[in-house]
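Engineer: Chains as they are written, first to last, in the working numbering: chain A, 35 to 789; chain B, 99 to 255.
Check the hints yourself; a few may be wrong.
What the hints assert, rightly or not - Simulated crosslink set (DMTMM-like; lysine to aspartate or glutamate; CA at most 20 Å straight-line):
hint : chain 1 : residue 1 : chain 2 : residue 2
1    : A       : LYS380    : B       : ASP186
2    : A       : LYS496    : A       : ASP408
3    : B       : LYS171    : B       : ASP145
4    : A       : LYS284    : A       : ASP240
5    : A       : LYS496    : B       : ASP132
6    : A       : LYS753    : A       : GLU106
7    : B       : LYS171    : A       : GLU106
8    : A       : LYS753    : A       : ASP240
Just so you know, the hints here were simulated from the structure itself, not pulled from any lab data.
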Amino acid sequence: MKKIKKQLAEWICYARYFIFIPPLSPADTVPVYELPPVTVVASLKQAVVYAEQPLSFTSIDREDLEASRIAEPKNLSLNVPNFLHADYGARMTGSIYIRGIGSRMEQPAAGLYVDNVPVLNKNNFDFDYLDIERIDVLRGPQGTLYGRNAVGGVMDVHTLSPAAYQGTRLQAGYGNGNAWKLQASTYQKPTERFAFSVALKHSSGDGFQTNSFDGSPADRFLNESGRVKIQLRLSPEWKMENSLSAGFVKQAGFAYSLYDEETKQAMPVNHNDPCTYVRLGLTDGLTFQYAGNVVRFSSTTSYQRTDDEMVLDQDFRPVSMFTLSQAQRENAFTQEFVVRPAQKKKWQWISGAFGFYRHVDMEAPVMFKKDGIDELILANANAGIQAVFPEAALLIKETRFPVESYFDLPAYGFSLYHQSTFVAGRWEFTGGMRADFEHAAIAYAGSTAISYRFSMTMPDYKPLSVAMPVRRHDSFFEILPKVAVAYQTGIGKLYASAARGYKTGGFNTQIFSDILQNRMMNALMSDLGVYLNGSEPPYNAETAVSYAPEYIWNHEAGGHFKLLGEQLSVDAAVFYIDCRNQQLTVFPPGKTTGRLMSNAGHTQIFGGELSAGYRYKNIRFKGNYGYTHATFLRYSSGNEDYAGNRAPYAPTNTLSLHGGYKWDVSRKRAGSILLDVSLHGAGKIYWSESNTVYQPFYGLLNADITFQTGSFGCGLWAKNLTGTDYNTFYFKSVGRSFVQQGKPVQLGAFISLIL
Amino acid sequence: MKNFLFLPIIIPALLLTACGKDEPAGKSATAVTDGTYSGAMHVTQNDSAGTVYTQDSVNVTFTPTADSTAEIKMVQVRFSPRMPIKLDMTIPGVTAVKTSEGLALSGDSIVPLAMGGEYPVYTITGMTGTATPQTLSFELLCGAYPLTFSGKRQPVE
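Chain B with its partners taken away, still in its complex shape (with noise of 0.2 Å):
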């Protein structure tokens, strides 16, 4: 008798399993998951003479949600060479939409998360980039500062 419970679960999952091998492979291929791209990290200071601070092999996180977004975390980066400390920041709700080649990034108004909470002193705007299985890239204005990034997705460990 409990065998026959579970049919309305395995049905519909063998189906879902059977739909999953017909979609064409090229599709698979630019599917962009879970990663971590490590790469160069770019803001414009705002100052008189237009000084730009990079930061080298800066980690972001990317993690697509199923609403064809995407949520972003820059990992201990420091946007000032006069910070003192270097903090975790999280776009989250960045619109991702799928193209050939992966990923269409983009937000606007978007409150960052960082030191426990909302952010709005540095809210984003402007946002554009791309998202491959082998890169991520964007730009964007936090709060009043011009940000690049470019990075290259690292392998699992």
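Just chain A, same shape as in the assembly (with noise of 0.2 Å):
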């Protein structure tokens, strides 16, 4: 009893703003730097803190988390100035934009580190956060330190360690669209030696959208996500922390509705086929650090398993044209050596080797069906037959056939980086660069089978099949250099840097089984004996299966001060981008079915990002504002030239208020009322590379109150207040547009327990 007093005491002495959870206590399994007033983990990349270094950062502690209500990389939206995770309708395809540098498919655009551990599959990167100590966003390329996609910036996650907190903690909150969401999590340290944690956590709903077609919701979810953590001191110098966790994502997704590009209004959702997505992913990160007098060196091994799938219904319509389901089972491993001194000295470095392995066996079949054999296969061919021969038509015996297709995707790399930073005076000076080396293979096997009739000639159906192997490999050797020079002011620092990223290349799975169609399509009129006009698909199948990498330098200066004081904390920066095959999402026009990643030829990106903190004794402010002009200077589609046209996807604007006050109800009681109103906008965001449809500027109000006594909490949120109608994301499939329309008025109330 004394001990929980006791306890209890420290949290009330280490209370902030907006907490309703403890504090940490100093850790001492994982560095630490005491900056005061907070305590900083810091990752095992940086040798001092981020608002030491000369790039553009975001750090979100669980303070910040929990007052804004952030369980999920979505809701970091727009927190972050030029940062948007958007929503396209499912965990498997949420795509992140930072500056502009963007990838709705394939690679991601930003890397995802999760204590130490970098998360190479993009669908894991839409996760369940549970008990996040916090959250740094690094803005622009990170490619010397972090090394392959991290060409927009990075996201370093970390989780709340069992060594610098304990403590039981038990939530449960409840939303309309019956959202539940439950957690229970304990962190032990049994001995000065031994740390261990477990987590878990469930959230589910209905959603907000309806497919009208059967009146069944179109967005239910299902999320249950855990942790185990182990930390152990095997020496006074070596370390060891193995962190296992697991999430599973069960969800009716992709709840996408027609729209109408005339009016700009949405129809309700309505499709006849399922759209889901389920997904299992385990990921185990083991880390041993070391740390001597001289030097700090760490190891971190980590196995990442996927396995999901996802059904869509792809014509979205109450139509039967064709279906996806694509199932992939993925085997990762990584390995990250990183070596750096111990002490803070006038030389500072950090050198490391990083490796890895990922293999995916991925099955996609593409069933079409009646409408979709009629209106996608047969249309074309039998309105140039029926020119000739009008009462003739080309028949395809089967009501429904599937184009099969088999994807084997390996891939390894492994890279060598250095970064140096001389201390001269108020001068800092940094040089880093990386050699970075990866192999990328895919054996594709395709084949469909049909019978087919031409009813002017043929009194039968003829079996015919086609079979389409597809072997390719391509390896990418890139230098990732930075150069950046800061100097010290007596508010703050001045940085300027210059920095290479790359976005490596790949294969576009997605339109392998569109080119299979096309193929057989030819095959049956090659057979048949009849040539159309325009039968080609509007892309080039040879090169359309591969996409290159993406090149980008960026060039930014900025700072980060601290003044009132140190009340006001302000960061700045201004940033001019060059960026070369930027890598796009593209869905060809016509009747084609598949999409493809196609390299723009030259895109020019300048903005500038704005932070401010305030906190002057129970009053808290904190503002974000990011601006982004991303232009394309050379870009041909093959049928138009979009050159001047604005890169799709990424926001122009993006805008974040928040404001907080805590009322102190009673000392004696440790109770207090919290009250957060934030404001978070982005827009103008381009849908297409014509630039013809874009979502507006748009603003979404939230507000929470939490009432906290002691180790109970409670409170009620409330999310787009106002009820903005909005879209986050647009799309075309078979010549029709479709939306993701944003969520409506969330309303909600939690309860919070600490034993």
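Both chains come to you apart, so use the hints to assemble them.
Structural biologist: Now the structure itself:
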């Protein structure tokens, strides 16, 4: 009992605004830098805290995460300037945009590290936050230290450490849309050398969209996640940490609405085939750390396993055109070694080696159904034939047939990197370089079989089968340098930097079925001896199966400042990005059924970011603004020249304003009421290279009130209080426009208990 | 023992080979074999102006068969400028009689094959022509449409 009281006293002592869960005690098994008034858990790759580095970043600690109800990466959007983790309708497809750099499919445009483990599969980027201690979002390419795909930036996520915090946390919440959230976790340190934690989280809900075809919830979801973390002090110098986390996602997603571009109205969600996503992910990260008098060394080994399946009604309408089922199994290993000096001296440096291997088995059959056979496959052929023979028609016997696709996608890579910083008085000079090699391969086996008949000449159906084996491989070797200079002023640090980043190339897995379907049709027509004008797909099938790496040079200048006795912190940056071969998702025109990654010619991006945080007694204010102007200098799709147009998908402006106040109701009982109000906005977002469709700037008003007494807390929260209508996604499929609508008003309540 | 079983096969084969060697050299020089001929095809449109539609670089494959007939396949042809599609049309059973230059072609009431089956609407009548190792030419009525072709043999790739 005494222990509990003592701990409670510590919580009250350390309690900060908006906290209803106690802060950390000083850590003893993870690198910690004491920076009053907050305690910062550092990344293994960072010799000094981000505020002292020549880079643009936003750190969101547990206090902010809980005050802003950031429970998943999409909630992080707009809390960080020029950062958007877009809601594309499923936990598989959330794409990240930073400073106009992003990717809707295939390789991500930002790196994600969780407890120093790089998450390789973009499908796993959208996961339930479970007792997160801090998230650092680094903007601009971080290729020198973080390597492949950290072209837009890096999200560095640190979970709560049982060696740093002990206690048991229980939380429950309920909101409209039948949204439940239950969380239980315990952090224990039985001995000075051993600590462990077990954390579990459940969230579920019926969502906010109804499929008008059958009245079922169109965005129902179920998420289960858990993490077991063990921390051991093996000797005074050696520490070990193992974190095993698993997550299960099951959702009815992809609730896309037919969109009228003239009236800008979205129709109700209405599709007759299921749209679902299921994922089981498992990650184990094992870290050894050595802290000697001269150097610090760390080794991080991870194993990542992902099993997921996406099922799509790809016409997103109440017609039986075609469906896609894409199931993949990924096994991946990563290994990273990092060495840096133990003491902060005039020469600070960090060196490392990284390697990975991943293997993806993917099965992605496209099932063509009656309407799809008639409209997508036969319509064009019959239009040509019936212009000559009005009574004749090409017929396919099957009312449905699959286009089978099997992918074998192995990849491996390794890299070496070094970065040094020399301090000379108020000046700091940083230089770094990474040599990065990657090899990727694809073995594709596609096949389909049908029976066809030409009514005028063929009395019987004739079988036809087509197979399409493809084997390709590609290697990429890149040098990723970075230079920076910083100057320490009386109120903060000014810096300028230039860095190169690259997003690796790869294979357009989602266009293969379309190529195969076209080959089948060409084989059929060739077998029949009929040749149509314009029967070729609107892309080059030979070159469309792969895409090239994307390269950027980021030039920026900025500063980190502390003003008004350090009550006001200001971070500002301006940047210019030269992006070559920007990877863009393209839906080929016409009635193609696939999509592909295309390399835009040359994109120029400039913009700025401003963040400010103010604390005075019980008042807190935070504001973030980001501006991005991304323009194609050169980009031709083959049919259209988009030079001068704005690059799509990334918001031009992002804004968040956040204000909070804490009333101390009862000092004896440590009672308080916390009020938090925020406004988040984003736009304009262009949805296509032609810039004809876009989402104007929109704002979302959120509010949160929490009552906290002792170990008990409860509260109410609301998101999008004004019920703003907005779209988070737009695309074209088979010549029709669709949108993903943003969430409406969300209301909820929660209780929490700390034991 | 097994070697003796091959004798009935080997002996006639040797005899056939010997007969081939005894053929006159001039006759083998005019033998017409499988091949592709490329040239211009003219189709009279039967309109009031008597328009003739010409399609250049049409490939026609010629395949002689053992029973003094041949098969002619017109590849990706369009019989009218208004046709939105191209067709492969095969004329089977064309009579092919050896001449000193090659083969004399003729045929009447032949139902062509197109689009996976017989195509009686455009039954071939009044066909005449010649095939040599260097050239192929013929004229015919395709349904009611007069059609002529004259092409040169393409080297085998």
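Engineer: Take the C-alpha atoms of A/LYS753 and A/GLU106, compute the straight-line distance between them, and say whether it is at most 20 Å.
Structural biologist: The given pair, whose Cα atoms are some 14 Å apart, holds under the 20 Å limit.
Engineer: Hint check: B/LYS171 vs A/GLU106, CA-CA at most 20 Å. Holds or violated?
Structural biologist: violated (66 Å)
Engineer: Need the status of pair A/LYS496, B/ASP132: alpha-carbon distance at most 20 Å?
Structural biologist: Not OK: A/LYS496 and B/ASP132 at ~27 Å, beyond 20 Å, violated.
Engineer: Take the C-alpha atoms of A/LYS380 and B/ASP186, compute the straight-line distance between them, and say whether it is at most 20 Å.
Structural biologist: Not satisfied, since the Cα-Cα distance of roughly 80 Å exceeds 20 Å.
Engineer: Taken at face value, is the distance from the CA of B/ASP145 to the CA of B/LYS171 at most 20 Å?
Structural biologist: violated (26 Å)
Engineer: If you draw a straight line from the CA of A/LYS753 to the CA of A/ASP240, is it 20 Å or shorter?
Structural biologist: holds (17 Å)
Engineer: Does the alpha-carbon distance linking A/LYS284 and A/ASP240 stay inside the 20 Å limit?
Structural biologist: Measuring from Cα to Cα gives roughly 12 Å; hence the hint holds.
Engineer: For the pair supplied as a hint, A/LYS496 and A/ASP408, confirm whether the alpha-carbon distance does not exceed 20 Å.
Structural biologist: Given pair A/LYS496, A/ASP408 holds - Cα atoms ~18 Å apart, limit 20 Å.
In this structure, the hints that do not hold are numbers 1, 3, 5 and 7, in rising order.
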